[in-house]
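Starting from two chains that each stand alone, build the complex the way the hints lay out.
These protein sequence lines map, in sequence, to chains A and B.
By the numbering used here, the letter at position 4 of the first sequence is numbered 4, and the numbering carries on one by one without gaps.
Counting from 1 along the second sequence, just add 342 to a position and that's the residue number in the numbering used here.
Be aware that one or more of the hints could be misleading.
[Claimed, not checked] With a cut-off of at most 27 Å between alpha-carbon atoms, the simulated BS3-like pairs for lysine-lysine come out as follows:
| hint | chain 1 | residue 1 | chain 2 | residue 2 |
| --- | --- | --- | --- | --- |
| 1 | A | Lys144 | B | Lys507 |
| 2 | A | Lys36 | B | Lys1102 |
| 3 | B | Lys1102 | A | Lys9 |
| 4 | B | Lys774 | A | Lys221 |
| 5 | B | Lys378 | A | Lys270 |
| 6 | B | Lys698 | A | Lys144 |
| 7 | B | Lys368 | A | Lys270 |
| 8 | A | Lys77 | A | Lys65 |
| 9 | B | Lys1102 | A | Lys2 |
| 10 | B | Lys845 | A | Lys322 |
| 11 | A | Lys10 | B | Lys416 |
| 12 | A | Lys272 | B | Lys827 |
| 13 | A | Lys36 | A | Lys10 |
| 14 | A | Lys159 | B | Lys951 |
| 15 | A | Lys159 | B | Lys836 |
| 16 | B | Lys888 | A | Lys160 |
| 17 | A | Lys159 | B | Lys632 |
| 18 | A | Lys245 | B | Lys827 |
| 19 | B | Lys836 | A | Lys238 |
| 20 | A | Lys184 | B | Lys943 |
| 21 | B | Lys888 | A | Lys144 |
| 22 | B | Lys845 | A | Lys238 |
| 23 | B | Lys368 | B | Lys351 |
| 24 | A | Lys71 | B | Lys836 |
| 25 | A | Lys221 | B | Lys951 |
| 26 | A | Lys159 | B | Lys827 |
| 27 | B | Lys507 | A | Lys278 |
| 28 | A | Lys160 | B | Lys873 |
| 29 | B | Lys351 | A | Lys144 |
| 30 | B | Lys878 | B | Lys1028 |
| 31 | A | Lys272 | B | Lys368 |
| 32 | B | Lys827 | A | Lys237 |
| 33 | B | Lys486 | A | Lys245 |
No lab work stands behind these hints: they were computed from the structure.
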Amino acid sequence: MKNKLEDLKKQILDELAKAKSGELLRELEIKYLGRKGELSNILRGVKDLGAEERQEIGALANAIKTEVTAKFEEIKKETESKETATGFVDVTLPGKKIVRGHLNPISIIQAELEDLFISLGFMVADGPELESDYYNFEALNIPKSHPARDMQDTFYIDKKNAEGEYDLLLRTHTSPVQVRAMQKYGAPLKAVVPGRCFRSEATDARHEHTLYQFEGFMIDKDINFSHLKGVLELVGKKLFGEETKLRMRPKFYPFVEPGTNGEFTCLLCKGKGCRLCKNSGWLEVIGAGLIHPEVLRAGGIDPEIYSGFAFGFGLSRLAQLKYGIDDARLAMSGDLRFLQQF
Amino acid sequence: MYLSLNWLKDLVNIPKSTTPEELGTKLTNYTVEVEKIENQAAHFDKVVVGKVLEVKKHPGADRLSVTKVDVGEKEPLNIVCGAPNVSAGQLVPVALVGAELPNGMKIEERDVRGEKSFGMICAEDELGLGNDHAGIMVLDKKAKIGLPFSQYLKLDDVVFEVDNKTLSNRPDLWGHLGIAREIAVILETKITKEFQRILAEKIINDENLEKLGVKVEDEDLCPRYAAIKISGVDIKESPEWMQKRLSAVGMRPINNIVDATNYVMLELGEPMHAFDASLVPEIVVRLAKKGEAIKTLDGENRVLDNSMLVIADREKAIAIAGVMGSEGSEINPSTKTIILEAANFNAVSIRKTSTKLGLRTEASMRFEKSLDQNICEAALARCLELIRETCPAAAAASQVADMKKPAPNISPIELDLNWAARKLGEDLGKKKIVKILESLGFEAENAGPHLLRITVPTWRATKDISIKEDVLEEIIRIYGYNNIKAAMPMAEMKAPLENAERKLERRIKNILALGAELTEVYNYSFVGEEKLSKLKISPLDYLRLKNPLTNLQTMLRQNLLENLVDNIKSNQAKYERVSLFEVGSVFWDAVGRINKDSQRKENLPFQIKHLALVEAGTPAADVYDQVKGKFEYLLENFDLTARFEASEMVPEWADKKTFAKIIVRGEEIGSAANLAKAVLNSLGIKKEAAIAEVDLEKLARIILSSAEKTYEKPNKYPALERDLAFVVNENVLYNNIKAEIEKFNALIAKTELFDVYQGKNLPAGQKSLAFHVTYSSPHRTLESAEVDAVQEKLIAQLKQKFDAQIRNF
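Only chain B is shown next, with the shape it has when bound in the complex (with noise of 0.2 Å):
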């Protein structure tokens, strides 16, 4: 919302010594947040009005002219013009040296083919004041010469662009009036005489007139409607001053009733409507018809439903209550006689129907806020005031129809001060918190020693202040934040509950960042289809937003994976290697574990914690080790390991010879795996890459219930190693030759790979293992021919089984 100071003026007195800086200031300290001030008079600094004395055709152009230009110094100045239409006699904008001009041209002493100008006259786009660049602007013969050009348009304004967010609580400060009544608090001024008069005036009824025809159906909906009619109407412009003060507040006028009803809504806070009397026999304001049509004033057919409130004549709707009018009841430049509105609708309905309609205006997006009722009287009188300056002859031609439900009791509030004094942290006092709240306009009445019942004033009982706490806020804000004192809060001291999922994820990131050499990334929860479908993952089961902001993110991912792959490439051209992890939440369409609301009668869907490791770099079975060896170290942190085990399922991203579920502690939590080729190339992935995903919960489940770690003696009697290196055929699986090497003797205390080798110098579907085993005894001393004993053994059940063929070293 925009406020202009000379508007602010008529109606708060605000001292000569405070700058549109400081009130500025105040206002957000205070009331509202004030994003920007715009001085009119600093748009046309270093532009004056200028009389051209002389002009001569320029010696080295035939286009140009050079002038003698009066501005009002002791000399004329020298300045070359390039428009036709300049002439001696002429008054003229003049942008002198140093201007800088709205369009951001710089005005500085030029050297014209020899000829010096130090300065230009300006021509109307120039000056941003239209698009006419056929010549220089001639102005009115009156204008005194050297006047700056900004007085010469009498634009003098100060202009405040206040966040419409900052104003959502307080329905009483939508026009200049409520913020006059909190600038007079907040600089401890006073508001003017005109501010009560405006406040007090009301149309006096004259019985003889005639009745106009209201009826309100729902006065739920629509608690007053105040109208009357006004004959003596002529459509004629704005008197100029109203032009102008619409205009800096961003309200294009457009003519004399239409520019009143804007006016009073932007001073009163209260909006307003005028339709045509001729048009409008009768009015009843009723909920529409579903699907009754209505031509908004913006030229759109718009269908309504039976929730909508509408102001009607006896077969139509002719407005949609609050909201906007409909082309068929508007002023026209024939009209002579006006209806006026001033109603109050229940907040909740206008905005409900605004936002079905999508359909914001000043009207809707003040009514949605609670406004207080009791402005409807003073808004009519006020119009009819304003339209009174174009249209003397203007007069009531009906009574006025006020249709009001009694307005609600405002229950006094019983403010407890020693309660407030405990919620303040500091006791202001009787006197000072009463002062407050009086120059606010509440009342403010003893009711024991430390009880104050407290009156609100009708433009904040509408909804801002219903409760102590709110009361409590007023006190604090004028009181003002900054002077009430920090302490720290005394507490039992006491050991945090511990989250300890939260610090697992944190010892988590710290291991594979600072150990493992995976840089962190975040990644958006959200995937689009084109992804899945490059990824081959259907999407069945994701959630999908209502109202996604690109097709790229239309759902909620359900892997880690989906996005991690963007990150390899956005990053392949630049680097080598990429090494990354996440840790991130997946979002499932199915009935998850967390409570929707309070009564626990419904679940929110699905989500849990992954958590994901990537390598992509060249060759596959690099990153598709590093990926393994790295998730293998996080567990090693955790005196856990990982079993890799192969899978019948493979989804289709994944390539079908390396895929490996992750098994730890005999609980299956994710999957390790090469992506498969073609999903690389048709995702633009140049690079080989890898990833091991992990429910992060399942991990947690399992890290936390580990026993804690106990201290283990080293075995006094050492231990011999003996080395085993075997051919098997390459389907004969690791898991399954360790197993049997480690149940094969109670002496064998440890087994450990140590070297894989396939291709050249052995038979194609032929591997090498390479193993330590480690044989040691608790109890003795074991004898070295005892251990190759075993060993020998070990090598004829290797052989039994697998057909291992046992390489020498």
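Pulled out of the complex, with its shape left as it was, chain A reads as follows (with noise of 0.2 Å):
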């Protein structure tokens, strides 16, 4: 056995020295040193040796192995240096292969978003996605039996208070965080909000019951509706670019007197009409308006001293526009065909 091995040793480094060409080389690493090659079988077939003989057995193939990978590697550096002093080199071949991961579309969306209002001098604020009655709707002037909570589908949790009514609720928007803020941060207060929202409504292409939204808000003595103008502006701009324009209609948001519909100029046409904005031009992103008197006090905020703006619109639709989406709910599929895109 022991000779046996020795004199393969001998043969595999006899042929070593022969070989000239890199590709003569890898023939013979896979004859004896691959998955099935010589010197591999003879050290698979170790463990069938005696105790004794199989560790002095083992080492010693060990050994001729560690010593015949080492001359290979020395070789074929020889060579190497040889083929390409001589040969040609493909300097179209792509470079070592590093591998990335992606992160979700509506991350990098929202990263770039918060970047932009830091740096207008906005915090970004935090609040819980599950949250109760009173934070999503009664604080947001919406009371009970109102018939603007229609405008909202909404998930509850199936837990009575001590009323025995249901007044926990999976958060239908960002806006309860205005009022968690004003109480936290009192005025003036300048803060943007992105977070996951829940709207209970059958998923289909169009529609995703879990989204994403991001909520911005200024308050201060006389902040006015143009400082809300020129702040959606900027923001339309820095989301379709500088030549985009903005137009605003009146819409009903029980929190904000006077409520407003923001629509930017079509990221795809420009304006012209096509498909996406369904040949309007505009395409409708942004719900604002100045911030309700009723809202702004139960934030604690005395509102004939205070005023304040406040705006919100879909991450997850933005990042539809964006990227040309056309499945609501690919951001939240977990399919890597989508996410590796980005």
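Written out as structure tokens, the structure reads:
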């Protein structure tokens, strides 16, 4: 056995010495060191030997393998440098593949927007996804039995309070954080709130019950409607490009007064009209307005001294628009064919 | 809600130059969102009335005829027709080449077995007018040849579809009249005489007539109840014009009485109800008795409770107030005398009742918006007028019963013009503001140099407008949002408060995605029973949804693991390796740390963010190492290390042998495990999978409380490295060996495991470990002999303590 091994070693080293080309080397490598190579075969056979012999032969075989492998590397290097010196280098070959991971497109857009607003002096505020009826509705000027509750299909938690009411829910928007932030930080206040929201509606290519919103608000003395327009114009330019224009029309949201809807020039056709904007040239993106005095009061802020604006939009929808994603469910799908594009 | 352009034209002057599209855009830009505009005439584009001149048998097909049809052009058209009833002299609807029929069929010039055909004679179903396909539709003999078919049907309306959600704060806009009022303002035109007449109309009370017995028991829930008995009624079809209008706005014509009440609702926004007077001896408006039953007009038996308002006669409820009438008192073919009701009900009460009963009607939708009680009289008068169109003998058979609570005083709103200018960002001037408000029906009285005293019109005062901010919206809305100049706010220059957790979360995501080759997934916050049972997790302490969408999403997740397993499964066929992470909230049925309301008496349920890393592939040992390695890589970015510790308590979803607690700075923050084979099987996962899931908030606290990094000077004395490899029993834990080495001698600066081996060449139950051990001193250069001596002793120590068998290199 021992002799057999020594012979094999000699044989390998001899052949190696003769090998001139990289190709030949690779063949030899497979022949001796490969998974089904001769040396590997012997090594596999070691386990069938007696205990004493096993230790001896095993050690020897391993030593030979180490030595031979080192020799292979050495000669490989030599021939490679020779080949490079004389031969042709295909510079068009790709480099070594480095794998990268991917962020969800919503995370990417969220980070971009957070940075924009942080640079303008806004803080990033957080709030719970499982909210109370109070913060999600009442504090936002949507009392019980108000028809405006129909505007948002709500998931309720199956847990009654002491009064026998279901007062826990999954937040339907990021706006509850407005009141929480007012209570925590007071005025003046500038904050943005990105986050997950829920609507209890069946999902299809156009609807998703789990969505991301991005909310912003500013409270100070003498904040006015033209300030809201100024900030929204900036958001539009950041999102859809410098040429983007803003168009507004009235829209009812109980937590703002006046309330408005903001449309931006369609990012695809630049306002000419296309399928994405249903030929209108505009994309409805934003809900906004001056914060309702009742909401400021709920936040402990005196509406006679301070005023504020607030706006919100769907991060999920924005990601869809920006990247041309045609199915609202993809962001939540965990499908790597989708995620690995970002 | 649907709006008919013809109807609106009765009520407001719409200039001929204003196209329906322009009107729709204006309504959208100033008042309510128009979702769709439908021109009825466009329905039958290129369909005309034609006269069949001759009919011959098709030479090549028994069942077909070849016809010549005059469609009002120079030459008659050759048309092949398959209908059995076609004959010369008939007037028929002809779809010309280029027409697209409501059923989607496109008409082209065709060759039908050798005969050219230039159009099609249509059957009812092809035109979407009915189901009849037995033969072609034969038209009235007087029809004009060549007349567009839509004109033959007298379809000349344009229908606007309005998004109801955009109307939810405007009780005044739930009828054509209210919209007409807005149109007059936004088109700067005038309402018609007809508008004014309808609103001013009243039934003149004849005191010689009997008094109608009406009793309102709860005037808070029914602030007004106006009713009158009308005799001389015959039940028949309502006039064609009325049927056309009702159909155009989506209301099915029923009979002249029901149609008249519906017409008034759609015109004035006031829902009405008609009872058969012979079935209703008197009227009581009261709360229902608990358990009181009523069979509503939709044929359902409904059980009421004592919070619901009903209209009743002496014995029983005959209508659920403001929601729906009952079968017992309804208009029927033999009705001769009716009672008409125009009432006003409390909005919250109607909404609660309709929500409880799950019964939303055109009436309840309007009442729940808080209607103006002043419209009731005009509604009664208008309804009687409409009934007289088909029943000229219809006349009041009672006095008008009008029970009303005095209308609440509408206190005027003071509008400081300086304040308005500050809120708008520009000063529009008193003149312009007054003009806008007056055009909307407000009264604006001078109350000082910069002060207006505003009186809100009754139709806007029920809920819609009550504070100065509401008035401001009216001004800005009509002035035009787009006419306000944009400006940036001026604010004190101040660095924003940093949200350290959020910032850290983003950094973690970047490290994992961009450094550790993981892909970020977002999963739903929900989980179902079936999944939990496959994961062998008990649904104890899971929060449940009251209204889940599917039985796969009935509870709130407690671990990210629960949905991450789906990602492995859905990707496993396409990817050899699935490497994911997620940051997300998880929930427990326990008291949390966040307050529930402003009083801070109670807290919301427990909810925190978790972070989870997943590796799926083969073999099991490798995915486990990977997931741990990637987590350690994450910590390394924050100069932290993780300790993995075996645990007595292994959850059932985890492989018993490969479950470890993750400990960072002495605090347990989560676990790393392989999923148990049986669990993988029941989930349908064909790969090995490992997961590390931690409490992100704990991790963040540890990271954020770490001391700031300080620079350490490199040791100027060289370090010496020795390798140490030995075989021990597989039960001896790495953690213990490492600790032993590290505390063995002060010269040992670092130990690093570089190889673990088990299997071939080693006896069963043994493993081989190999460490790099680094010796150094900050004070001097170490001697080789000195280090070797320590290493000798270390070897002896390991041998004694762990029965370690040293391997030579």
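Structure versus earlier hints - violations, ascending order: Violated hints (numbers, rising): 11, 15, 24, 25, 26, 29 and 33; every other hint is consistent with the structure.
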